[in-house]
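In order, the protein sequence lines correspond to chains A, B and C. Here the first sequence is numbered in my numbering, starting from 1 and rising by one per residue. Here the second sequence is numbered in my numbering, starting from 1001 and rising by one per residue. Here the third sequence is numbered in my numbering, starting from 2001 and rising by one per residue.
Treat the hints as calculated values from the structure; they're not laboratory data. Quick caveat, the model's predicted, so the values are computed rather than measured. Note that the Cβ used here is the ideal one computed from N, Cα and C, for glycine as well. Take the hints with a grain of salt, since some may be wrong.
[As the list claims (entries may be wrong)] Reference listing, derived: stretches of chain A covered by chain B, where coverage requires no fewer than 3 residues with Cβ under 8 angstroms from a Cβ of chain B:
(1) 64 to 71
(2) 174 to 181
(3) 211 to 221
(4) 264 to 272
(5) 501 to 514
[What the hints assert, rightly or not] DEER-style ranges, computed between Cβ atoms:
(6) A:246 to B:1067: 29 to 39 angstroms
(7) A:111 to B:1015: 53 to 63 angstroms
(8) A:148 to B:1015: 36 to 46 angstroms
(9) A:313 to C:2088: 23 to 33 angstroms
Listed below are the residues making up each chain.
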Amino acid sequence: MKITISDDFRASMNWLHTWAGVAVSCFLFMVFWMGSLAIYDREIDQWMKPELRVEASAETFSYDRVVADLKANGAADSPRIFISTPSERDPLVFAGYQTEDGFERGYYDPVSMQPVELTESFAGTSFFYPFHYSLHLPAGVGYWIVGFSAMAMLVLIVSGIFIHRKIVQDFFTFRPKKAARRSTLDLHNMSSLMALPLHILFPLTGLMIFFSIYLPWSSSVVFDGDEDRKFEEAFAIAAVEPSGDPAPTAFAIDQRIADVEARWAARAPGSQPKADSVNIQLANDANAYLTVREVFPSRAVSMNKNVTSVSLADGAILSDVGDGPAKSSYAWLAGAHFIQFDSWALRALYFAGGLLGALMIASGLMFWIQSRIRKGAIEPRSVRIVRGLSIGSISGIILASGAYLIANRLIPAGSEGFGMGRANFEVTFFYIVWIGTFVHAGFRGKFAWREQCLVIAPTAVLAVALNWVTTGDHPIAAAGQGLTQIWSMDLVLLASTGVALYAASRLKVPAQDVALAKKELDDLSAQAFPAE
Amino acid sequence: MSPFLTFGLLLLAYALSTLGCALLAFSQTRHWRAIVEDRKAAAPRTTKAGWALVLAALVPCVARDGGSFAALLWPLVFAASAMSVAMVLTYKPRWLRSLAFLVAPKSRTHQ
Amino acid sequence: MPLAQWLNQAVESRPYRVTLAIFGGYAFTAGFFAFLSVVLAHAGATRVEGMWWGVLTSFLVYTALVIWAAATRRPWLTSAIILGGAGAMIFSSPILATHLGATGIS
């Protein structure tokens, strides 16, 4: 069967692809860049918080002991205690409890159960990772921008496939020696086609994960609009009333969890389920119960398949997540987005694939800009605006991320001022540099691409050097101690120096265009600052 | 499974997929002409064989991690292979020559 | 008939298509999700499964609607189907849900 695509249809797809692309690509690049970094968020945490550079304990982990320690240190009256188990990528215990006005949480050494003071920083898990879905904007605005961009990306992929004529040929076609416009389009086609399944997977599953935000009304209609019931049934959250009677002095938490794990193992033969997140609810009541989860199994893609609530007093099962075909499919798709399983090969390929997506977006934007420049003519204003925004969103956010790492190594511990702490100083530095790149792009026009790349290169080297100076873990020392995360990150930083220098060499404004480009900048500043 | 075996299977998947991508590139006139350095050469019909090899890479992927992981690993290995072949075609197309003669021995006469 | 002519031109225009794609598409998708999950629950699936089927399909439906609205040669018909379908499903789904009663509970 041969599907013929009419010219009419192709033209409307071309139009859609062009303008949807210009509208969301700046946001999409931010999301792909931060999302790619988030693939290694724990490793970035270890780099930015050197106290985390410890090996995971091989000792058996006892929840009973953790809870006893927490209760001895302030959690005695708390109704809710939660514990995340250490793992290879997360060597410390993360635990906490509910207080009268919020939550008290912290990291604990898994052997001594002593609290570990960490460098005060949002780092990978609390800055880069949430950035990729919330943009750190207030009132949920970021979620909607990201959701809109993700929807647009799905449309862009479909329209992009329709306007494509030679799919197999373009897989391998890159002609760097041809005109900039041609090689930019080659790069765009190549990076889109190669990792196409991944480019579809990320926006689609990202939207699915936040279905409750994006389609709030629809998802609760089947529950008669009852949101609580939706979450209860969808995520197996048990609703238990307190009895009012005090809890017995000791619960056998470890035993209950072992029973739950045996239950999970029985329903999926061959798997070795391991609880990684435990919540103790109504901790001081006779009706106290556990919600035991295996959120991220290490040897399976599907996440959150095992969620069980069990009574602490008698071990009765209070709720258990159901497992139909739709729920299972969702569990796989969501797991494929979260990438928390234990597979170094897949994680590395995902990282490369995410950056390939970022390259696809950046080259698409650059192609739009290049196809609107007529030789020898003054550029239209629309081109200047899109270019300024693109530079700030592409090279700008990369530079700001590097600056964030440098701020992390330079700001002294315990810094305070202007009503914020150390972690917010780092974030402020990130935003100052980022806004600076937009301003720079506005003033320097097409020269800004190369100039920002030339700043990214030493920034990455400086980050590696500062890690060495402040922690002593230069790549060779880190390799000697088995700190794979640290030396790998240093090597990636050094490699990005090389990439930035190569990009700078390719982004040079051709000699014959320099005079015109300078004149354009002069005209621009004459408009912006007219002579009195 | 021993780490050598898992690494070996990954390597095998990459090798099969890369070979498949090379055959796909051969089937494209422009790429074929660049490889054999002959502007009039007709590309061999290796498209089906190429896709078959790419598909065959699924076998070591499944053997390594099971179907659930293979569904992710296989397309990503393909991306890595396609990238490798594209880079070789761009900067060192001659590297593919010996392979090209294996596929289409007659092309040697065009030199 | 200048008004009819003006209307015809308006629905053919790209701004209209974009508006239809974004807002009409969203309304249809929201209705579709609700309708599908309720219908599946009536057909014997659990409510949660009904909801997850909605999650799995909605964003693909939305994508298809955007492509359709952008490319359609009969914008009147497309508009009628998208907006009419959205209205019908948004209106009927909650009513159907109340008739689920005790059935379909997981």
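Hints violated by the structure (numbers, ascending): Numbers 1, 3, 4, 5, 6, 7, 9, in rising order.
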